[in-house]
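Peer 1: Here's the letter readout for the chains.
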Amino acid sequence: MFFDSNILTKGLKGIASPYLTLIVVAFLIVLSLIGAIVPQQGVLEQTSIYEWKQQHGTATRLLLPINGFAIFHSPAFLICLGVLFLNTLSCTLVSVLNDGLFSEKTLASQTRRLGFIILHLSILVCIFGGFVSAGFRMSGHLIVTEGQSIKDQHHVYPKLVEGPLRKELYNRFSLELLDAQIDIEKEWFPVKQEASVLLTHPPSKVQATIGFNYPFKFNNTIFTLREIGYAPQIIIKSQSRRIPPLNTFFSLQVWGFNEDREHYDFLPLPSGGTRLVITFYPSYEIRDGEIIKTSEDLNNPALLIYEEFNDGKQTPKQLLPQGETATINGLDIQFGELRQWAAFQVVQDPGYIIVCISFWFSIIALILRYSPDILDWIKESKSHGTS
Amino acid sequence: MEQAETIFFWSTVFLYMASFMQHLRAFIRQSDKGIKIAMGMLWMGLGANTVLLALHWIRTGHPPVVDSYELQLSAAWCTILLFLLIEKARMVERVLALLLAPITFLLMGNAYASQAPDTPMGPVYATPWMIVHVTFAWIAFANYAMAAAGGILILFYGTADRYFPNRLPPPEQLDRTSYRLIVLGVVNQTIMLASGAIWAKKAWGHYWTWAPLEAWSLLSYLLYVFYLHVRRFLNWKMKKTAWIAAFGLVVLTISYWGMKWLAPSLHPGP
Ligand code: HEM
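One line per chain: the protein sequences are S and A, in this order.
For what it's worth, my numbering labels the leading residue of the first sequence as 1, then goes sequentially.
For what it's worth, my numbering labels the leading residue of the second sequence as 388, then goes sequentially.
Bear in mind the hints are in silico, worked out from the structure with no lab data behind them.
By construction, the Cβ of each residue, glycine as well, lies at the ideal position given by its N, Cα and C atoms.
Hints may be right or wrong, so weigh each one.
Here are a few chain S residues that face chain A, going by a calculated C-beta distance under 10 Å [unchecked claim]:
hint, residue
1, Thr21
2, Gln40
3, Leu121
4, Val125
5, Ser133
6, Arg137
7, Ile143
8, Gly147
9, Ile150
10, Phe212
11, Tyr214
12, Thr294
13, Cys356
14, Ile367
15, Ile374
16, Trp377
In silico lysine-lysine, DSSO-like type, Cα no more than 27 Å apart, as pairs [claimed, not checked]:
hint, chain 1, residue 1, chain 2, residue 2
17, A, Lys589, S, Lys382
18, A, Lys475, A, Lys420
19, A, Lys423, S, Lys379
20, S, Lys379, A, Lys589
21, A, Lys475, S, Lys192
22, A, Lys589, S, Lys167
Okay, chain A solo, but in the shape it has when bound (with noise of 0.2 Å):
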């Protein structure tokens, strides 16, 4: 990482951190104002996270989607950013901030520690299906960690309520809002997973392999596709249907960033 680089890399974690103390703090005192700025910081941080990207896109000369540390960093962003633009258009609850700020610094964590030298970009990368899939990829991301989010306070409802009453939009609500991002998130892995099919089958003759990556994304599709059809189906709703959220999102991540843990792969990027 170059000076400027890290200088933007330690305020974005700083900024997100920063707005989620600040966050807890205004909920536990149940000061609107206090949340408010709680949401100017992260809008403060998604501001560093960008102009961290953009540094980084400008030394290395490519887009931040070919390692592992990049990706991570731009499904960050990504995730901050959606949530700020829905939560404005007040289609969430802004109290999922509260549990998409960890899981940003977790993907920031993660992020810093599978810092390597600079990839360059294959000749591979060279088709918009790679921009097509790695956006969607993104976005379905971000679908799916604030679902997460709204499923873990589900999860916590009750003691969370136990302690701090009246804080908390009602877990009806909630569970509502986890639907309907899980759906948004279904629509978008499937867009997701059908481009990168095609861009598999250019780049390497097989559309579908079987890899331990390709099973794990199978196998988080089906955790969603169950979410959808026992929620239709057997009318599970809230903690149970809020398991598979969250549980959904750890499935996710492996197979975003989780594969180098387990196995090589012919995937580029993670």
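Just chain S, with the same shape it has in the complex (with noise of 0.2 Å):
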């Protein structure tokens, strides 16, 4: 007991009481529970949480003060967690301050303690990552059409987002895309996606192969490739309409997943009020009357194009094959070139590496700490069983 008598060690006492680690964890299992049932920002929608606020009126008012709508960065949450820190840092150094790492007498209890301060020192360090990771973060999508950079881009959609702390400001990179390529067989794992991208950020410039689970890094910025899909290009001219004529490559979302993949969008006309319905046919072949997808690969590219109005109302649909035009209600649509386009997940986390240690870390202690209890159990059901 060399530190009792120390103010210090006194202290650390205090705040190292199991007790208040029963009763922190039971104020972060109610908080979860929160977070769990009620919708959260950032997660949800804002509708579905207006909606859920319009139907749960007495909990919404319960909820409100304590920043029930965000519980994961409310005040209450992030003091719990503080707390939480500040008790396994404290519980663990008495631990060891008193009686040193290997008092204990046997291997086994040798073992299991040595596994107890691993995993509580390793809770700490995923606390800390975790920390780091909220303030320093920058992460979001970046969508490229192939020959174009982000910066030809009208808008970053959905921007990058970053975490208050950050100094360093993510727009500094560019980056190109040079070419997407997808390939889809019917496999285990049936989808390989790749892109080769023109990556800038003054004064380093590298060119490289994105894959969809393989990301790049480049100045400590980790790129993914997410999706890849079709950009048609565009070219409307209005022969009566007061519509300003338009040439764009537009980028069509992709829904569902490998042959089952559908292209569409919607293109807002700038007249206002009526938007073009496009959706795009890689190969197609027409049974009684109905266009139908046959496959993935580009046999006779098409697109289905109508104008939807603002009361639903659509005009009739044309099919439109690639390097013909169509005349719609007073409109000529022109189907020029076909590109691809590329979504890229952008990620800086600096608190990952931190997170991630500590998981191994973790992993490691826990077995530390009950492999002798399990060896224990093994040993006694060979000698008489349990059942």
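Taking the hints as your guide, dock the two standalone chains into a single complex.
Peer 2: The following block contains the structure:
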């Protein structure tokens, strides 16, 4: 008991109480339950949160003062994590200062003790890593069409979000998409997607191939391919309507996976109120007057387009093979070139490596802590059994 | 479901159910031979469950890890398989089967209700982390399901012992088994959470997003951590910890398969 008379030790013992752990963990359980049941901002759409609030008036009144719709960012949750951190830190310290690392007599108890200490230290590292991530990370998606760079895009959508403590701005780098490739095979993991890109972050510049599950690291930022789709060139000229000419590579959204992929989107027309609904078929055939997609291979690419009005009315659908022009409601619409777009996940997260280290150590620690007990269990079952 | 799959689905349900009825009958009559027959039926049910999963795998071309239906069938399979293996090693009590069977029916029933057109396996699954994550999720579920079974037996020990004396092992023994299974569950759940976070980071860039699924996972993990600590520091045992073990399984089940009842999520599968 070397440190017993020390004030530091006394202070530590106060916050090192295991009863405090139980209280804090119980609080965290209640807060997590709220976070699991109540829709959370940033996770669900604002409209669904609004609807929930309308339906649950009393609960909303109770939840608002404790920041219940963003409970995991609320002062209550952060304070609990902070107290848990101090509690774990002091508990482990007190234990090591008082009893040393290897005070136990048998190898089994020493292993258990080592496991306990490493486990609780890794919990500290995990909480610390989580805070570093929350404060310093930058993340989001960038969508780029072949032959273009993010600087050419009209909007960088959705924007990259940055932690409040970051100093460096993300918009210093540039990403140009040189070529996107997608290969759909009927196998266990059926899709192979790759994009070759040119990344610039003055003074560095690098050309790279980024795969779907194979992130590429450049200047501490990780780029992962998330999706590849089609961006047909749409050229619109108006014969009679007051719509300015338009010439754009329009990135169509992708719905579904593999051979079931569908490519469609809505292009708002600048006159306002109406929009073009565009569906892309890489290969198609017409059966009983219906257009059926036959495969994802580019055999006879075509668009199916119609105009939709505010009141839900639509013009008849028109099939537009590549290179041809169709006239819809006074608009000449041409399907020019066909390019692909790629969506990249862009992340810089200095906390991740810290959290990862804590994962590995906590797994090792749990094995150390419990392997003697599990061996005892096996031995016991061999000697007399339980059934 | 194809015809052969339908046959094996219902054979699995029937054999698990028959094993349960036989176990109950033998339990009431205190017949060791009857219980052995029930265990044999459980092995046969496991066989049917295995064939069902294999047929489904062959038909869809991917392992049964994608949609809710597949995940529940495979969790039922893993729970019964692990139970039978460790019961054979005499590490857990046979009587747990009485509770595991209803838990497995519920899974099979919910699996049946969650059938949807076959979901292809998206490229997000093309990583070994998926295999680690799903395997440890099954194992953790199996551990916690057995622990909950032990817990529920403790909770109803008094009543059961009054009507059918001397059938159940001593409650202290059930309590120790339940605790040991929770320990195994915590180790496996930690590996599952860590591999899930690493997988999510690679696929979506975030290792943790506080989406409902993550909130429920944290909740169940904290509950089991709470279990270990109250057992250690407040010396809670028997009924008190049995409640946590039983409640923990409910929370875990929601986090695995109940998400669709609550909110949409980015997580693949359930
Ligand atoms: C999420 C956070 C935590 C986790 C995952 C965790 C996990 C564990 C585990 C698995 C054990 C072994 C239980 C047993 O022996 O049966 C344990 C024991 C213990 N924990 Fe924690 N713990 C956490 C937080 C804390 C905190 C904040 C304290 C601070 C007081 C603490 C203090 C202890 C102590 C003193 C033991 C007993 C060690 C022994 O003698 O074996 N734990 N913890």
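Peer 1: Taking the hints in turn, state whether each one holds.
Peer 2: Cross-check of the supplied hints:
1. With 10 Å as the threshold, the beta carbon of Thr21 (chain S) comes within range of chain A, its nearest partner Cβ sitting at about 6 Å, so the hint holds.
2. Interface restraint check for Gln40 (chain S): the shortest CB-CB distance to chain A comes to about 6 Å, inside 10 Å, so the restraint holds.
3. About 15 Å separates the beta-carbon of Leu121 (chain S) from the nearest beta-carbon of chain A, more than 10 Å, and the hint is not met.
4. Evaluation of the Val125 (chain S) hint against chain A yields a violated restraint, the C-beta minimum of about 13 Å exceeding 10 Å.
5. Among the interface hints, the one on Ser133 (chain S) holds; its C-beta lies about 8 Å from the nearest C-beta in chain A, closer than the 10 Å criterion.
6. The interface hint given for Arg137 (chain S) is met, as the beta carbon of that residue sits about 9 Å from the closest beta carbon of chain A, less than 10 Å.
7. Interface hint status for Ile143 (chain S): violated, as the beta-carbon distance to the closest one in chain A is roughly 15 Å, over 10 Å.
8. Here the hint on Gly147 (chain S) is broken, as its CB sits about 24 Å from the closest CB of chain A, past 10 Å.
9. Hint status for Ile150 (chain S) relative to chain A: violated, with the closest Cβ pair at about 16 Å, above 10 Å.
10. Because the beta carbon of Phe212 (chain S) sits about 5 Å from the nearest beta carbon in chain A, less than 10 Å, this interface hint is met.
11. Of the supplied interface hints, the one on Tyr214 (chain S) holds, with its beta-carbon coming within about 8 Å of a beta-carbon of chain A, less than 10 Å.
12. For Thr294 (chain S), the suggested interface contact is broken, since its CB lies about 17 Å from the closest CB of chain A, more than 10 Å.
13. This hint holds: Cys356 (chain S) has a C-beta 7 Å from the nearest C-beta of chain A, less than the 10 Å allowed.
14. Hint status for Ile367 (chain S): holds, given a least beta-carbon distance of 7 Å to chain A, under 10 Å.
15. Evaluation of the Ile374 (chain S) hint against chain A yields a held restraint, the C-beta minimum of about 7 Å falling below 10 Å.
16. Taking 10 Å as the C-beta cut-off, the interface hint given for Trp377 (chain S) holds, the closest approach to chain A being about 5 Å.
17. In summary, the hint linking Lys589 (chain A) to Lys382 (chain S) is not supported, as the alpha carbons are separated by about 43 Å, beyond the 27 Å threshold.
18. Of the pairs offered as hints, the one joining Lys475 (chain A) and Lys420 (chain A) holds, with about 16 Å between alpha carbons and a cut-off of 27 Å not exceeded.
19. As the CA atoms of Lys423 (chain A) and Lys379 (chain S) are separated by approximately 24 Å, the hinted pair is consistent with the 27 Å bound.
20. Of the pairs offered as hints, the one joining Lys379 (chain S) and Lys589 (chain A) is violated, with about 41 Å between alpha carbons and a cut-off of 27 Å exceeded.
21. Pair hint Lys475 (chain A) plus Lys192 (chain S) does not hold up; C-alpha atoms about 44 Å apart against a cutoff of 27 Å.
22. About 25 Å separates the Cα atoms of Lys589 (chain A) and Lys167 (chain S), which keeps this hinted pair within 27 Å; it holds.
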